[in-house]
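Going down the list, the sequences are from chains A and B. Going by the UniProt record's numbering, 64 is the number at position 64 of the first sequence; the sequence numbering is gapless. Going by the UniProt record's numbering, 54 is the number at position 54 of the second sequence; the sequence numbering is gapless.
Calculated directly from the structure, the hints in this document are not laboratory data. One or more hints might be untrue.
Only some residues are given here: those of chain A computed to face chain B with a beta carbon under 10 Å [claimed, not checked]:
id : residue
1  : Leu19
2  : Glu22
3  : Asp23
4  : Met28
5  : Met103
6  : Gln105
7  : Pro108
8  : Ser111
9  : Arg113
10 : Arg135
11 : Ala149
12 : Asp152
13 : Phe158
14 : Asp162
15 : Asp172
16 : Leu175
Stretch-level coverage of chain B by chain A, calculated; a stretch enters the list once three of its residues show a Cβ under 8 Å from a Cβ in chain A [claimed, not checked]:
id : region
17 : 86 to 94
18 : 142 to 149
19 : 152 to 163
Listed below are several chain B residues computed to face chain A (Cβ distance under 7 Å; list not exhaustive) [stated by the list, open to error]:
id : residue
20 : Val37
21 : Ala173
22 : Arg176
23 : Gly177
All of these numbers come straight from a predicted model, not from anything done at the bench. In this text, a Cβ means the ideal position worked out from N, Cα and C, and glycines have one as well.
2 protein chains.
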Amino acid sequence: MRADAARNLSSVLRTGARLLAEDPSTSMAAIAAAAGVDRTTVHRRFANREALLRAVFQAKLDSAERVLDEARLTEAPVPVALHRYLEGIIPVSREWPVDTRRMMQKDPEASARREAQSARLSTFIQRACDEGYLRADIDAAWARAVLDALVDSIAHRFPAVDPPQAADLVADAFLRGLGVT
Amino acid sequence: MRADAARNLSSVLRTGARLLAEDPSTSMAAIAAAAGVDRTTVHRRFANREALLRAVFQAKLDSAERVLDEARLTEAPVPVALHRYLEGIIPVSREWPVDTRRMMQKDPEASARREAQSARLSTFIQRACDEGYLRADIDAAWARAVLDALVDSIAHRFPAVDPPQAADLVADAFLRGLGVT
DNA sequence: ATTTATTGCAACATAGATGTTGCAGTTGAC
DNA sequence: GTCAACTGCAACATCTATGTTGCAATAAAT
Numbered sequence: 001m002r003a004d005a006a007r008n009l010s011s012v013l014r015t016g017a018r019l020l021a022e023d024p025s026t027s028m029a030a031i032a033a034a035a036g037v038d039r040t041t042v043h044r045r046f047a048n049r050e051a052l053l054r055a056v057f058q059a060k061l062d063s064a065e066r067v068l069d070e071a072r073l074t075e076a077p078v079p080v081a082l083h084r085y086l087e088g089i090i091p092v093s094r095e096w097p098v099d100t101r102r103m104m105q106k107d108p109e110a111s112a113r114r115e116a117q118s119a120r121l122s123t124f125i126q127r128a129c130d131e132g133y134l135r136a137d138i139d140a141a142w143a144r145a146v147l148d149a150l151v152d153s154i155a156h157r158f159p160a161v162d163p164p165q166a167a168d169l170v171a172d173a174f175l176r177g178l179g180v181t
Numbered sequence: 001m002r003a004d005a006a007r008n009l010s011s012v013l014r015t016g017a018r019l020l021a022e023d024p025s026t027s028m029a030a031i032a033a034a035a036g037v038d039r040t041t042v043h044r045r046f047a048n049r050e051a052l053l054r055a056v057f058q059a060k061l062d063s064a065e066r067v068l069d070e071a072r073l074t075e076a077p078v079p080v081a082l083h084r085y086l087e088g089i090i091p092v093s094r095e096w097p098v099d100t101r102r103m104m105q106k107d108p109e110a111s112a113r114r115e116a117q118s119a120r121l122s123t124f125i126q127r128a129c130d131e132g133y134l135r136a137d138i139d140a141a142w143a144r145a146v147l148d149a150l151v152d153s154i155a156h157r158f159p160a161v162d163p164p165q166a167a168d169l170v171a172d173a174f175l176r177g178l179g180v181t
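Given the sequences, and given the hints that come with them, work out the whole structure.
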């Protein structure tokens, strides 16, 4: 593959992710136009619409996996790992805003990868519980859901907040809440 | 309008909301089939796809408005109003799971209503700040986003939790966080 | 019992999205 | 400079969703 081809492919994926996040029924034609390439070029690169979606999901999963690896969720101290995870995953969520939980239903391979990544994070949350970083009465699944929700919120509703500060806000809201108590 | 007609209309709206939430590109045919009526019946009731979406949005906005009214956000004490709002809005979010922020872009009237309701809630959050229920260093917009995220999370990822308990969980996570601090 | 509203069904028309192919032009690699 | 890869463009076929209409059947309201 030549350099310009790789550039176009990446551009299509990123543009596609952005448009599909706003409107999952965005047409291939619209994605191609937004990416500045011809519709047929996209069809030559991706056998069909599903293949394009798969490629977007894979790109997101690759990025997320790197973040999970580098956060050292099982080895590093909980607060350190949490912050490192957040600082990494927020840009990923912004760059690939597609909702994986909804849109990967028809892609068993991607779903399996997603499940695996999800399990790693759940394990980390469980460790946080066990090591006393979360209140004893907190359900781990709820904690997990709250963390996800906070990440999505800061990533997409506050795109201007830079990753380090965003990670601070999320970790703070997660552990301390927003109240004065 | 006859009784059976009203029943069908309501069924189409609820079924439509459910399917559209899972997949915003769900076809009218699929909605009609799931609602147990013929495709043409849906078309007779709603001039076009947009009209159906508008009706769904309106139904959601009606329900949400009732909740906002009954929560007495400006009169009742902050903790009371918060809990009443949560207990009311969580079932609404479950019954009408459509994502209003995304899907109402092309419906200016619905958007305006949504903005108005959003403003009411933001005003309430601001009051919570002013009256010292939130930490002084918390940005009101962030608090608002966190509350929304928690509501969505408990409403859709934990559909089995009943509204009173769900409201407790959200209020607790919102004000106190999940950490031991 | 008659009227009226509503429905399901079949058939049709239209528009838009998807996917394919051939061809000519361009650009990077060698 | 030649070659191979890649692109845009036009044209085509196909499929699906949308929306419409006519008609017969049904069930509520009077």
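Evaluation of the provided hints:
1. Leu19: Violated: closest Cβ of chain B sits about 13 Å from Leu19(A), beyond 10 Å.
2. Glu22: Because about 7 Å separates Glu22(A) from the closest Cβ in chain B, which is inside the 10 Å limit, the hint holds.
3. Asp23: Given a least distance of 7 Å, the restraint on Asp23(A) holds.
4. Met28: Result: violated, 13 Å to nearest chain B Cβ.
5. Met103: 9 Å, holds
6. Gln105: 9 Å, holds
7. Pro108: 17 Å, violated
8. Ser111: 15 Å, violated
9. Arg113: 20 Å, violated
10. Arg135: 6 Å, holds
11. Ala149: It holds, given that the least Cβ distance between Ala149(A) and chain B is near 4 Å, below 10 Å.
12. Asp152: 7 Å, holds
13. Phe158: Hint on Phe158(A): holds, closest Cβ of chain B at ~7 Å, below 10 Å.
14. Asp162: Violated. Min distance 14 Å.
15. Asp172: 8 Å, holds
16. Leu175: 3 Å, holds
17. 86 to 94: With 0 residues closer than 8 Å to chain A, the region 86 to 94 of chain B misses the three-residue bar; violated.
18. 142 to 149: holds (count 6)
19. 152 to 163: Holds: 5 residues of the region 152 to 163 of chain B have a Cβ under 8 Å from chain A.
20. Val37: Violated. Min distance 23 Å.
21. Ala173: Given a least distance of 6 Å, the restraint on Ala173(B) holds.
22. Arg176: 4 Å, holds
23. Gly177: 3 Å, holds
Consistency with the previously given hints fails for numbers 1, 4, 7, 8, 9, 14, 17 and 20, ordered from lowest to highest.
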